[in-house]
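*Asks:* In case you want the letters, here they are:
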Amino acid sequence: MNHTAPLGLPVVHLVDDEAVVREALGWLLRTRRLLSEPHASGEAFEAWLAAHAAVLEGAPSCLLLDMRMPGGMSGLQLFERLIERRLLDVLPVIFLSGHGDVATAVAAIQRGAFDFVEKPFSDNALVDRIERALAASRVALERRRERAALRERLAELTEREREVMQLVVDGRPNKLIADALAISVRTVEVHRARVFEKMGVKSAVELANVLREA
Amino acid sequence: MRETAYPMLPTALDTDAMVEPAALSPAEPPAARWRRVLPWALLVLLLGVAQTLLFVLTLQYERDREQERTELTAASAAADVRQRFAHDLQSLQALLWNEPGVDAGRADAAELLRARRELLRIEWRDAGQRIEQALESPYRGPLYDLLPREALDGDTEAACAAALRQTGPVWSRSYFVPKLGGLGIEVIDVCLPIGRGGSLRGVMAATLALGAVIDEAVGADTARTHELSFVEGDGTRLARAGMSRGAGVYVAERLVDLPGVTLALRVDSAERGPRFIPNLATSLVLGLSLALAAVVALLAVDVRRRAAAEARLAEELALRRAMEDSLVTGLRARDLAGRITYVNPAFCTMVGFSAEQLIGRTVPPYWPPEMRSAYEARHAQRLARGVPAHEQREGHETVFMRAGGERFPVLIFEAPLIGAAGRQTGWMSAVLDLSAQRRVEELSRLQQEQLQATARLATVGEMASLLSHELNQPLAAIASYATGSLNLIGGDRADAPTLAMLREATQRIAEQAARAGRVIKSVQDFVRRRERHREVVGCDELVDAVLPLLRLQARKSGTRIDLRLDDPAPRALCDRTMVEQVLLNLTRNAIQAMDGQPPEARVLEIAVRGSGGWVRVDVADRGPGIAPEVAARLFTPFFTTKPEGMGLGLSLCRTVIEQHGGALDFENLRDAAGRVLGTRFRFTLPEAAASAAPTVAEEAAA
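Same order as they appear, the protein sequences are chains A and B. If you read the first sequence in numbering that gives the first Met the number 0, its first letter stands for residue 0, the second for the next number, and so on. If you read the second sequence in numbering that gives the first Met the number 0, its first letter stands for residue 0, the second for the next number, and so on.
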């Protein structure tokens, strides 16, 4: 996968059993120049997710989820699935609730939902929240990409280089590292230079920071 | 004494039995009375007999003793007299030895006459009875002054002749020597033959006064207390002596035998017959002592029995008291004037006043002031007509007031209190405190109401939820389209695609608005469907249906219900259930409006009148009225002044009434000065034509 490719256009997923609401919201988002993807039910969204898993990695997205959808998977059930799949950071969930089930919504927020909006909503305010959610999704995607890159670089290191790197991050001088690994100081210096080059850092401190993020 | 004399306890319950125990006796059967009286009669009779016997015996004893004493006196007197005669005879015989000279004899005889006062005269006679010489007692005059000696010589001669014959002293019969002035002396002669050398030469006759003999012979003591007399065989007294007259009660006679004659000496004691009073007193004292002893004995027995009866009574009393005290039912007794004569502890606890505060009161402090006149009227009615039988059985409910002013409902069973004499002395009431029962009823009613309210609320809530969901969708869509349109218009781009989008949005808005309208219409349809439930209902039935619930509430708050209903009751064409609900709502509001008023001012008026094709129903309270700012919003849905209210009551009421074609309004009632007296709610319903649906009564009449 190409982690360096630029992120795609943000997509807003709408999950509501009411076609009217889906259409109206989609139309509204268009007036704010946002792409939207309507889904008629929780099951429909899951199916789409199974088919287009990679899309979520490629562009920031968020999910507007109706809390109560008679007949079929409820909003909360879908939310549980997303938690299981650790998708909440790249796919922030905004709950739509129509019947004052505020307590349920608060519980959902505590479990990681991004926000919840009561129907009937003030639409532009909703769109503002959607944009904040998309921004959060973008940040999360970028961090995911950085971590993936780091993991790739670490994978390129040899066994010896990894040992040397560990001791360098621990803060040992080259001489002590040479003693510990029973190799010459010169060899340590060679390994160290190669680790720095592979990890794309210039100092031991920078290396430690990069590793901590990973 | 009377063990059966306690048919009823003499507690305060039965004042009659306490103050008039004598009233018990008329109820006793005659046999019992006899049984009770007979011992006393026997006792009195016995006492009388004993008393009399004792008295008689005492008299007898005294009489016998006195008689005996008199006999003794008589015996001793007779002996003394006999001895005196013997002495006199001896002394006379001694004169005979003076021989030969008569002169010497005369001197001795004179001396003898001086010594012996009973000797009156000594005669010496020759053999031929001629008196030779005679000497008279110096103490008296001549003996034969009235009559000559010869006139009275018969007895002497006979005695002297006998003496000469027998050659021994012989006493003559006594004879009377009359003296001057009709007096006289009874005397007796004794003849002594004078012997001389073996031959008799004469006799000496001495005359003795019989009375003096006794005087001399008998001691002064005897003479002082007795009358002594010689009597003849026929009782004729010959001579008497003694200082007093005999009483003639104790008389004894003794014979004094003398040679030639026998005299009877009668002793008559001066002692009178036994005296009545001292003897009576003695016997009375004795008898009464006996009676006293008997009575004391009886009393002791009685005291023991009474003590036993009292112990039983005390035990019984304690048992009754324990029973009374353990009762939770209040007991109250009143006399015919309505004065409280008794209350038990349970009653005191119930009303919170002590027995001292209650007993004797005609207007008890537990009567709520606002009910007083009604209770007094009730009491007067009860006095006049007694307690109806069904009320005795089922009791009647009323309201009492505790010491703290709290009103509470009670159930009273009242029965006439019949005294021991069989007369009614008052009323006995058992009083049950119903407040606990009422609380339970109230609680269950509240629960029922809450349940109903909850059920209604659930229905309303569900409907509201459904409605909000149904309406939310189109509204949300409309809002989205509108916002989006504004977004587009704000962009100032009037190009073709934007216009197309705007057109689409507007079209969608119209669609969604129509959808929302359909939802609303369906609700209206639902409401309208109820109109089909119209029927002809008598307004009395409507009122009767809500009255039980209403009374329950009214009783709790102490509200009086004033119901005025046209007779015959007007009939309305309406949805019965809905109108009942309206009536209930209005009356409940009215009662609640009077919560702040004093209990006596809590009156709920319900008036139903039919006129001009409409039935008019007024529900008026005496509350504080409705403030203008409240009045303005009174029928607004979801407006309420009650913390637990939903605010649907009055608005629904108005809707219901208006659906019937009637009107619901209200006004504050004011007096002439413009002060608010209360609030009146009035609603109208179409009156059913009489011919449309005749009632059963009319059918029967036709």
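Bear in mind the hints are in silico, worked out from the structure with no lab data behind them. Treat the hints loosely; a few may be bogus.
Said to hold, decoys possible - Listed below are several chain A residues computed to face chain B (Cβ distance under 10 Å; list not exhaustive):
id, residue
1, W47
2, H51
3, G71
4, F120
5, L125
6, R128
7, R137
8, V138
9, E141
10, R142
11, E145
12, L149
Using N, Cα and C, we set each Cβ at its ideal position, and we do this for glycine too.
*Asks:* Would you pick out the hints that fail for this structure and give their numbers low to high?
*Replies:* 1, 2, 3, 6, 7, 8, 9, 10, 11 and 12
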